[in-house]
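The working numbering numbers the first residue of the sequence shown as 2 and each following residue consecutively.
Among the hints, a few may not be true.
Keeping only pairs whose Cα atoms sit at most 30 Å apart, straight-line, the calculated DSSO-like set for lysine-lysine is [what the hints assert, rightly or not]:
#, residue 1, residue 2
1, 108, 51
2, 104, 48
3, 114, 42
4, 52, 12
5, 42, 92
6, 92, 114
None of these hints come from the bench; they were simulated from the model.
None of these values were measured; they are calculated from a predicted model.
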Amino acid sequence: MKAPFKAASPKKGFTLIEIMIVIAIIGILMTMGTAYYQRAKAQALIKACKKNMFTLEGAITQHSLNAGNENYSENITDAFVNELVSAGYIKDPIKCPFGGTYKLETKSMNNIKERTVRCSIHGTRHEP
């Protein structure tokens, strides 16, 4: 004799509404994560530019002490940066990650020259 008819078990799975809610939550989290990532990336590039300015200031100071040259152009050109690389003051050519240009500001006080590198986008490394 055949077994009596069994009632079908309830279907297992997710409803369309549940899936849509999960996708919406994932979308919101990804949007928040992307905004945070973009902000963190921009801050890292600004810090890299300020580090580049610090490195250039040190290299120019060493170069002036070793070469006995006190007069430098205001514009920091690629040729000058390549000269610092070839002389061993810095390892690689330095550029602003945002495409800014570097300029050298010199202030004299009591026959002491203070040199500061300024980025056309980020200012000096001392500025916030």
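Restraint status (C-alpha distance of residue 104 to residue 48 at most 30 Å): Status holds; Cα separation ~18 Å.
Pair hint residue 92 and residue 114, alpha-carbon separation not exceeding 30 Å: holds, 25 Å
Given pair status - residue 12, residue 52, alpha carbons within 30 Å: Given that 30 Å is the threshold and the Cα spacing comes to 61 Å, the pair is violated.
Straight-line alpha-carbon gap residue 114 to residue 42, limit 30 Å: Violated, at roughly 35 Å.
Pair hint outcome, residue 108 versus residue 51 [Cα-Cα no greater than 30 Å]: Holds: residue 108 and residue 51 sit about 20 Å apart, inside 30 Å.
Straight-line alpha-carbon gap residue 42 to residue 92, limit 30 Å: holds, 24 Å
In summary, the numbered hints that this structure violates are 3 and 4.
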